[in-house]
Amino acid sequence: MKIAVCVKHVVDETELKVDPGGNPQLKGAATKMSAFDKNAVEEALRLKAARQGEVVIVTVGTPEAKKTMKEALAMGADRGVLVSADPMAMDARRTAELLAAALKKGGPYDMVLCSEGSSDMYSGLVPPMVGEILGLPYVGYARKIEVSGQAAKVERALEDSVELVEAPTPLVVSVVSEINEPRYPTLIQIMQAGKKPMEELSPDALIPDAPKSASLVRGMKAQAMARKRVVFEGPPEETAKKLVEALAAEGVLPR
Amino acid sequence: MSVKVWAFSESPSVANEVASSASSIAKAAGGSFVVVGLDDCGPLLAGDEKVVLKSDAPLSTSPEATADALARFAKEANPDIVLVGSTRDGKEIASRTAVKLGRPCVSEVFGAFLADGMLQGKRNVFAGKLVAEVALPLPCVVALKVGTTSALPASAVKAEEKAMGPLPSRTKLVEMREKQKGTVDLKGAKLIVAAGRGVKKKEDLALVSELASALGGAVGCSRPLSADMGWLPEEHHIGLTGVTVHPDLYIAVGISGQLQHVAGIKDSKVIAAVNTDKSAPMFEFSDYGVVGDLYAVLPAMLKEIKARRQ
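Protein sequences, first through last, are from chains A and B.
Numbering (the numbering used here) for the first sequence: 54 to 308.
Numbering (the numbering used here) for the second sequence: 6 to 315.
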């Protein structure tokens with residue numbers, strides 16, 4: 054079974070600093086593999102373990118994205134494909150087009166795995182777009198995947214229901230984080246990851262004469278979160294009393 | 006400029022919200038709006054014009070077939086803006102439709118309006134730490150964040166039926182289980198007490214629900230408690246991938262304050278937190294905090310609340 058996993062190298066939202074004017078300091082910010090992508094990599098490795106095959110990591114990113122690529126390779130993926138372009142400078146459709154072109158070039162794959170959304174933009178558009186561009190079925194928000202023969206049985210976690218759907222391979226699947234617990238690579242795996250093959254592709258070679266694409270984002274500002282941040286410390290009876298009094302003074306306690 | 010706006014959602018409860026945004030965008034631009042629905046999703050309530058898409062098989066069980074129907078109809082009627090509810094299935098429908106039509110697409114948009122010939126709006130990014138302003142040239146497809154506009158009242162307009170012919174779907178729905186439904190509606194709750202990892206055992210949730218009921222509020226939780234532990238049904242999960250709430254008072258009990266959780270509570274009027282860890286990020290996002298063990302603080306709060314009533 055040949056499985057591709059689409060991952061994204063992102064700015065770490067927990068480390069992202071904002072200046073007093075509310076502007077994010079994206080340059081030089083700490084980066085990481087998008088949070089739920091690890092679940093997608095883990096699921097690919099799990100499926101491979103049961104059926105043999107190959108796990109290929111595909112990403113659209115700047116040279117820095119190699120960090121995320123190496124992490125996925127250290128987890129156990131076999132090789133990587135990096136499309137050298139900045140996803141922040143394009144819209145979801147162009148990212149999906151580039152991923153689809155890279156998947157077509159290196160395919161055919163039996164399954165393309167993604168996470169439900171990236172931890173920076175959280176659009177959730179790229180996985181179904183990849184499905185649409187490649188003419189493949191897409192099953193989103195998977196919390197359990199079983200493959201038998203040429204078919205996948207997937208449990209989908211929706212807002213108010215859980216669906217069990219069947220779709221033929223090849224297909225695109227996005228996963229939610231509760232599907233598994235991503236493994237931590239060992240030191241030896243981390244050291245060996247650098248030796249695994251990593252192919253770099255130019256976007257112009259993948260899609261020649263592509264029309265210009267630009268980000269649809271005009272700007273980003275910090276959320277105004279002006280909270281009072283009054284903190285009470287001391288014995289529970291005292292702090293509880295102070296808290297209840299404060300909340301009553303705010304007029305938010307029922308009378 | 007006269008624009009044609011479509012409002013669509015495969016979810017009947019979301020459809021009227023999308024209709025409300027479509028209506029205000031169309032009205033401001035002197036245009037018209039059409040509410041588009043699916044034949045097996047129940048009657049459309051709102052809309053100046055209503056169109057119901059029909060196929061040989063029920064469309065609502067397949068986002069793939071639904072997108073096919075929507076895109077085919079859009080090619081015929083050529084709406085400037087297609088608004089879709091940004092549900093989980095809605096994002097697939099919007100994505101596929103946008104690619105089929107060759108249009109730009111953005112999801113989870115709120116506060117959408119039309120200016121300078123662009124559909125503009127905002128969306129939360131970086132787990133809600135930042136707000137991005139987006140602008141899409143027309144024609145476009147935009148998935149609107151659920152729960153950000155009030156529903157449009159029902160209209161007496163009769164829906165027109167539109168037969169789309171056979172629309173094959175490769176994904177087959179085998180089984181659907183409704184998630185366990187509680188009695189609470191967190192989206193509309195005025196007061197919420199939410200539990201996090203600081204609660205050590207499932208049985209100890211009783212402490213949290215006792216406080217909630219003493220205050221006439223609802224019980225919520227952070228993601229680990231519903232998704233990983235399964236202590237509470239998914240509908241109690243507040244945060245980026247769960248429910249967005251806006252109560253008058255939000256009390257976070259034993260919640261560390263991950264950005265993904267805070268993303269769902271931003272619009273609360275007053276936020277209070279109880280946590281043993283003084284450096285928990287939750288205190289940064291709170292108006293009032295108590296550093297202490299919830300197993301001691303909650304009973305003391307209950308006692309205090311009861312004493313005040315007498």
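For the record, the hints were derived by calculation from the structure and aren't laboratory data.
A quick note: this is a predicted structure, and the numbers were derived from the prediction, not measured.
Note that the Cβ used here is the ideal one computed from N, Cα and C, for glycine as well.
Hints should not be assumed to be uniformly reliable.
These stretches of chain B come out as covered by chain A in the derived footprint (C-beta under 8 angstroms, 3 or more residues) [as the list claims (entries may be wrong)]:
#1 30-40
#2 109-115
#3 129-142
#4 176-183
#5 246-258
#6 291-298
#7 306-312
Derived DEER-like restraints, expressed as beta-carbon distance ranges [claimed, not checked]:
#8 A:D72 - B:E165: 50 to 56 angstroms
#9 A:A204 - B:K184: 21 to 27 angstroms
#10 B:D233 - A:K80: 31 to 37 angstroms
Residues on chain A that point at chain B, a partial pick, calculated with CB under 8 angstroms [what the hints assert, rightly or not]:
#11 S172
#12 I186
#13 G272
#14 A299
#15 E303
Looking back at the hints listed earlier, which ones does the structure fail to meet? 1
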